[in-house]
Amino acid sequence: MNRERKRMWTKEAATLAVLLLGIAVGSHATILGLTGTSPNPTFNFIAKQGYISTPDGNSIYCWGYANGATGAFQLPGPTLIVNEGDTVTITLQNQISIPGPPAVPGPAVSMIFPGQQNVSASGGTAGVLTQEAPSDGTTTVTYTFVAAHPGTYTYFSGTRMELEVEMGLYGALIVRPAGFDPNVAANRRAYDDPASQYDHEYLYLLSDLDPTLHPLVEQNKLDQYDNTTFFANNWLVTGRCFPDTMADPNVGYLPSQPYNTAPLTHPGEKVLLRFIGAGHDLHPLHHHGNNALMIAKDGRLLESAPGVSGPDLAVSDFTETVAPGETIDAIWVWYGYHLGWDEYGHTLGGPGPFQPNEIYAQSTLASSIGVADTTISVPAGTGHAFLPPPRTFRAIIWGAGYANPDLDPNREVVTATRSLTNPDTFTITRAQEGTAAQAWSVGSIIADTDHGLPLPVTMPSIQNLEFGQYASGSPFLGQSGALPPLQGGFNPYNGYYYMFHSHNEKEIVNNNVFPGGMLTMMGVLPYGAPIP
Amino acid sequence: MTMQGMTRWLKPAALGVLLWASLAGPARAADFYLKAAAMTKTMPNAGPAITMWGYVLCDATFTPLAGQVVQVPGPRLVVPPGDTTLNIHLLDGLPSAGSETSNTSLVIPELPATMVPTWTDGTTGPRTSTTQRVRSFTQEVAPGGSVTYTWTSLRPGTFLYESGTHPSVQVQMGLYGCVTIDAAAGPPAQAYPGVSYDNEAVLVFSEVDPAIHAAVAAGTYGTAPYTSTINYTPKYFFINGAPYPDTLAAPIFTKPFVLGQRILLRFLNPGEETHVPVLQDLYMTVVAQDGYPLPFPRTEYSLILEAGKTFDAIVTPTTSGLHGLFDRRLRLTNNMASNGGMLTYLTDNGAAGGCPGTVGSTLKLSKSGGQILFTWGNIALASSYIVYQSNVASLAPFTQQDTLNPTAPADGTTGATMPMPPDNLVFFLIAGDNLAGGGCVGPQR
Numbered sequence: 000m001n002r003e004r005k006r007m008w009t010k011e012a013a014t015l016a017v018l019l020l021g022i023a024v025g026s027h028a029t030i031l032g033l034t035g036t037s038p039n040p041t042f043n044f045i046a047k048q049g050y051i052s053t054p055d056g057n058s059i060y061c062w063g064y065a066n067g068a069t070g071a072f073q074l075p076g077p078t079l080i081v082n083e084g085d086t087v088t089i090t091l092q093n094q095i096s097i098p099g100p101p102a103v104p105g106p107a108v109s110m111i112f113p114g115q116q117n118v119s120a121s122g123g124t125a126g127v128l129t130q131e132a133p134s135d136g137t138t139t140v141t142y143t144f145v146a147a148h149p150g151t152y153t154y155f156s157g158t159r160m161e162l163e164v165e166m167g168l169y170g171a172l173i174v175r176p177a178g179f180d181p182n183v184a185a186n187r188r189a190y191d192d193p194a195s196q197y198d199h200e201y202l203y204l205l206s207d208l209d210p211t212l213h214p215l216v217e218q219n220k221l222d223q224y225d226n227t228t229f230f231a232n233n234w235l236v237t238g239r240c241f242p243d244t245m246a247d248p249n250v251g252y253l254p255s256q257p258y259n260t261a262p263l264t265h266p267g268e269k270v271l272l273r274f275i276g277a278g279h280d281l282h283p284l285h286h287h288g289n290n291a292l293m294i295a296k297d298g299r300l301l302e303s304a305p306g307v308s309g310p311d312l313a314v315s316d317f318t319e320t321v322a323p324g325e326t327i328d329a330i331w332v333w334y335g336y337h338l339g340w341d342e343y344g345h346t347l348g349g350p351g352p353f354q355p356n357e358i359y360a361q362s363t364l365a366s367s368i369g370v371a372d373t374t375i376s377v378p379a380g381t382g383h384a385f386l387p388p389p390r391t392f393r394a395i396i397w398g399a400g401y402a403n404p405d406l407d408p409n410r411e412v413v414t415a416t417r418s419l420t421n422p423d424t425f426t427i428t429r430a431q432e433g434t435a436a437q438a439w440s441v442g443s444i445i446a447d448t449d450h451g452l453p454l455p456v457t458m459p460s461i462q463n464l465e466f467g468q469y470a471s472g473s474p475f476l477g478q479s480g481a482l483p484p485l486q487g488g489f490n491p492y493n494g495y496y497y498m499f500h501s502h503n504e505k506e507i508v509n510n511n512v513f514p515g516g517m518l519t520m521m522g523v524l525p526y527g528a529p530i531p
Numbered sequence: 000m001t002m003q004g005m006t007r008w009l010k011p012a013a014l015g016v017l018l019w020a021s022l023a024g025p026a027r028a029a030d031f032y033l034k035a036a037a038m039t040k041t042m043p044n045a046g047p048a049i050t051m052w053g054y055v056l057c058d059a060t061f062t063p064l065a066g067q068v069v070q071v072p073g074p075r076l077v078v079p080p081g082d083t084t085l086n087i088h089l090l091d092g093l094p095s096a097g098s099e100t101s102n103t104s105l106v107i108p109e110l111p112a113t114m115v116p117t118w119t120d121g122t123t124g125p126r127t128s129t130t131q132r133v134r135s136f137t138q139e140v141a142p143g144g145s146v147t148y149t150w151t152s153l154r155p156g157t158f159l160y161e162s163g164t165h166p167s168v169q170v171q172m173g174l175y176g177c178v179t180i181d182a183a184a185g186p187p188a189q190a191y192p193g194v195s196y197d198n199e200a201v202l203v204f205s206e207v208d209p210a211i212h213a214a215v216a217a218g219t220y221g222t223a224p225y226t227s228t229i230n231y232t233p234k235y236f237f238i239n240g241a242p243y244p245d246t247l248a249a250p251i252f253t254k255p256f257v258l259g260q261r262i263l264l265r266f267l268n269p270g271e272e273t274h275v276p277v278l279q280d281l282y283m284t285v286v287a288q289d290g291y292p293l294p295f296p297r298t299e300y301s302l303i304l305e306a307g308k309t310f311d312a313i314v315t316p317t318t319s320g321l322h323g324l325f326d327r328r329l330r331l332t333n334n335m336a337s338n339g340g341m342l343t344y345l346t347d348n349g350a351a352g353g354c355p356g357t358v359g360s361t362l363k364l365s366k367s368g369g370q371i372l373f374t375w376g377n378i379a380l381a382s383s384y385i386v387y388q389s390n391v392a393s394l395a396p397f398t399q400q401d402t403l404n405p406t407a408p409a410d411g412t413t414g415a416t417m418p419m420p421p422d423n424l425v426f427f428l429i430a431g432d433n434l435a436g437g438g439c440v441g442p443q444r
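Going down the list, the sequences are from chains A and B.
Under numbering that gives the first Met the number 0, think of the first position of the first sequence as 0, with each following residue one higher.
Under numbering that gives the first Met the number 0, think of the first position of the second sequence as 0, with each following residue one higher.
Among the hints, a few may not be true.
To be verified - Partial pick of chain B residues on the chain A-facing surface, computed with a CB cut under 7 Å:
| no. | residue |
| --- | --- |
| 1 | Met-114 |
| 2 | Val-275 |
| 3 | Val-277 |
| 4 | Thr-298 |
| 5 | Tyr-300 |
| 6 | Ile-303 |
| 7 | Met-335 |
Stated by the list, open to error - Computed cross-link-like contacts, SDA-like style, restricted to lysine to any residue with a CA-CA straight-line distance of at most 20 Å:
| no. | chain 1 | residue 1 | chain 2 | residue 2 |
| --- | --- | --- | --- | --- |
| 8 | A | Lys-505 | A | Ala-102 |
| 9 | B | Lys-308 | A | Thr-320 |
| 10 | B | Lys-308 | B | Phe-136 |
| 11 | A | Lys-220 | A | Tyr-60 |
| 12 | A | Lys-220 | A | Thr-320 |
| 13 | B | Lys-308 | B | Leu-110 |
| 14 | A | Lys-505 | A | Tyr-492 |
| 15 | A | Lys-220 | A | Gln-94 |
| 16 | A | Lys-220 | B | Glu-109 |
| 17 | B | Lys-308 | A | Leu-281 |
| 18 | B | Lys-308 | B | Pro-292 |
| 19 | A | Lys-220 | B | Pro-292 |
Said to hold, decoys possible - Covered stretches of chain A (in silico footprint by chain B; criterion: 3 or more residues with CB under 8 Å from a CB of chain B, positions within the stretch not fixed):
| no. | region |
| --- | --- |
| 20 | 113 to 124 |
| 21 | 152 to 163 |
| 22 | 226 to 233 |
| 23 | 261 to 267 |
| 24 | 277 to 283 |
| 25 | 310 to 322 |
To be clear, the hints were calculated from the coordinates, so they are not data collected in a lab.
Each residue gets a CB set at the ideal place from its N, CA and C atoms; glycine is no exception.
Given the sequences, and given the hints that come with them, work out the whole structure.
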């Protein structure tokens, strides 16, 4: 785990430096929300009612926190983005009026903030967990706390939760670390620790709803509302079901669901995934393309010495099980790690620039080898960066005087396996892919890379293939190919698209219609493609 | 409930059931005598009386000890640190359940023991027929009989004990409880080597589907519509055998909870669902799971408490007030009624080093002559409250002191009085079915 982390992050740091030289900065996706005015941000929430749209054609009566008198009902509530140390004040009023018939005032509502300590609540009436605002539209409850720790948090109603959370009274709270600056790479962090630095951030607020319960509330049949028979049929990411998750934010046809989850990145860039459980159930959110490094839970880094060690207990995995009420921060990075072919379609020796993320591990020869040697050694401590045995990897050896293997006409492709007992010793098979065995001197470079590795299959005829909306027609990043009529078309930059979805597969439907529900597509775009 | 609440906390040594091997120091055994029997639990808000199966702590002749009644969860079994053997003697006092077996057994999932499976035809030993299925994980006992289970590989930890016979029925009928083994007695006690605590609470999360209980009680379980527990639909959700507000009817802490102390929360889930306990306003440091200490404790406010799981966590509240603890999977109803289920509070009983004279936010204590005056705020009153008492200086375990029957106040300000105890410096914890709080009165220190 630690080895994995080190490998990923040290390399990404190098990658980023190269990127900064070659590519315009400034496109770093960020999460939409209300920021208020530091250091005393004040938010005025009013609980309102309205309808959300689901792609199965349903229009579902819900409740939500709205931004003040002019803010429309929305699901989820506004994402609050504040700074570490801010004194946050939230006022809450309640305008929920159940349509009926007969129309009746809605129940009192409230807000609780797991992970925030010493929350003071005043006004309204006392409930089981905090002060509550009755649905008179005028009584104001005020919650105040100091956002003492950076991280990802959630808020939701602390009143009749089995009803009010189901109806939509929940949202996200993000606390930026001190010194956060979205325009300075080193200060674009989730936590104070530099290991939480990222390039893009996306919010995955996961919830579930039972569409049979909502009409009972709408029609004032609360006596029939039975949470113990809850059976979800819609699953949402930040208030929307797929494919609406992929639409733009604030689109006119989803007036109550302002937030999208349409993540984009470039190879090698760090994507911060902020997961929040907001529904009834645990959701195994699975990300394709690469493992992610789970660095924090419940707004606290996973570290052996809190505040000191950094996230040394981070876990690399491909599914984050997000429990209701819980938050998880994970950093996901894509590059063509052992994809099995050169994702840029390059051949060894060119044409096309050698891309920095094509190297998965690199070192030098610690001793010279002749043309017949089958064992090499690398400087002590550098072998750990390579794939552990018994796995075999493809590597290229080239001369120290060349910036990359394309420039060295004598480069040699080998297959290599690390020794079981000494990680700095490799057994190699010489002269692969038509290259010739060479005598290599000390300091020659060896790199684990798919650079120049041809596509290992012959592409079938397009008549024999079915393409999805995000197909580019080419197996290579940034390239397009022929597509049948009416297929593809959603991928103008010819990126790779990876499904991020609940791996509880019944949750990627909209009321039984696949695909839908708790699903988004992560787009990996070629370098230079803009990211909003 | 009152006596259960109290006796659950009493260590077996105090009850005289702890047998010490007479000589040779290291080999010590803890012996507990349990009788499994039926009981009924009445749900709040004029809810139904549900037949459950529970355990009662007995003497060596299986006569219930003084003050002990059949309870769910079963009595907490505290194995003294250093004991090398645990013996649980089980008498099957379960009623006939029709075609459903009333044979029973007892297992501790996380502690190794010699297990002898019992097959569905009642035989034990090697499997002789492909029609045999396992009915009991270990040797079972028939109604009226008794059996002794022995564990010799003990280690510190928080463990579940539960029925090992037809567990899909018997465990959810209520045959479960908590075994704790500390690493050192203290003070401060150590739950695991190096993990000390000043106070503790056991939090057992479980659920009840009354329809299945009714079928078992009527002897019709196994016939339609309850041929199995496959359609288990729980309606009541317990912490320590009671749904909110009955969770407040007894103290969850062993003794007064003082700000700044390390409080060990022992989470157990003998139910059939995953619950997600969330702490309001607090973080906890998770130090162990399944009775194994974590090499690196985790700081979090939520736990994924799966069925069969145990967690140990330390909280150190530094601010006064009610800290909610609830199941974020929204098991927060009593059947369909809001404000129920898996909800309770971690509430302090006064600030460290002083006597603030307030309890929660709605109850105040004051001293007047030889009386203590309890003043309620404007809340709905229960018919009676139980007063538990401890001492400010010694922080001794709570003992039940008095029962108060306040008159419902017209203006919400009237209270009740009880005599001031002679030691003049006491902690109180007041428990009723709609209020729990504590405080202390007496001279300021």
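So, going through the hints one by one against the coordinates:
Annotation: interface hint on Met-114(B) violated; nearest CB of chain A at approximately 31 Å, more than 7 Å. Contact between Val-275(B) and chain A, as hinted, is supported at the beta carbon level, the nearest pair being about 5 Å apart and thus within 7 Å. Hint status for Val-277(B) relative to chain A: holds, with the closest Cβ pair at about 4 Å, below 7 Å. Nearest Cβ of chain A to the Cβ of Thr-298(B): about 5 Å, under the 7 Å cut. The hint holds.
The beta carbon of Tyr-300(B) comes within 5 Å of a beta carbon in chain A, closer than 7 Å, and the hint placing it at the interface holds. Below 7 Å, beta-carbon pairs count as interface contacts, and Ile-303(B) has one with chain A at about 5 Å; its hint therefore holds. Annotation: interface hint on Met-335(B) holds; nearest CB of chain A at approximately 5 Å, less than 7 Å. As the CA atoms of Lys-505(A) and Ala-102(A) are separated by approximately 36 Å, the hinted pair breaks the 20 Å bound.
Between Lys-308(B) and Thr-320(A) the CA atoms are separated by roughly 17 Å; this keeps the pair inside 20 Å, and the hint holds. At roughly 18 Å between alpha-carbon atoms, Lys-308(B) and Phe-136(B) fall within 20 Å of each other, so this suggested pair holds. Restraint check for Lys-220(A) and Tyr-60(A): the C-alpha separation of about 13 Å stays at or below 20 Å, so the hint holds. With a C-alpha separation of about 34 Å, the suggested pair Lys-220(A) and Thr-320(A) falls outside the 20 Å cut-off, and the hint is violated.
Simply put, Lys-308(B) and Leu-110(B) have alpha-carbon atoms about 13 Å apart, close enough for the 20 Å limit, and the pair holds. A C-alpha spacing of about 31 Å is found between Lys-505(A) and Tyr-492(A), which places the hinted pair above 20 Å, so the restraint is violated. At roughly 19 Å between alpha-carbon atoms, Lys-220(A) and Gln-94(A) fall within 20 Å of each other, so this suggested pair holds. Among the hinted pairs, Lys-220(A) with Glu-109(B) is inconsistent with the structure: their alpha-carbon atoms are about 46 Å apart, more than 20 Å.
Between Lys-308(B) and Leu-281(A) the alpha-carbon distance is near 16 Å, which keeps this suggested pair within the 20 Å criterion. Among the hinted pairs, Lys-308(B) with Pro-292(B) is consistent with the structure: their alpha-carbon atoms are about 14 Å apart, no more than 20 Å. Between Lys-220(A) and Pro-292(B) the alpha-carbon distance is near 49 Å, which puts this suggested pair outside the 20 Å criterion. Check result for the region 113 to 124 of chain A against chain B: holds, 6 residues qualifying (beta carbon to beta carbon below 8 Å, three or more required).
With 5 residues carrying a beta carbon less than 8 Å from a beta carbon of chain B, the region 152 to 163 of chain A meets the three-residue requirement, and the given coverage holds. Counting residues of the region 226 to 233 of chain A whose CB lies closer than 8 Å to any CB of chain B gives 4, which reaches the minimum of 3, so the coverage claim holds. Only residues whose C-beta sits within less than 8 Å of a C-beta in chain B count toward coverage, and the region 261 to 267 of chain A has 0 of them, not enough to reach three; the restraint is violated. With a cut-off of 8 Å between beta carbons, the region 277 to 283 of chain A has 3 residues touching chain B; three or more are needed, and the interface restraint holds.
Evaluation of the coverage hint for the region 310 to 322 of chain A: fulfilled, as 3 residues show C-beta separations to chain B shorter than 8 Å, against a requirement of three.
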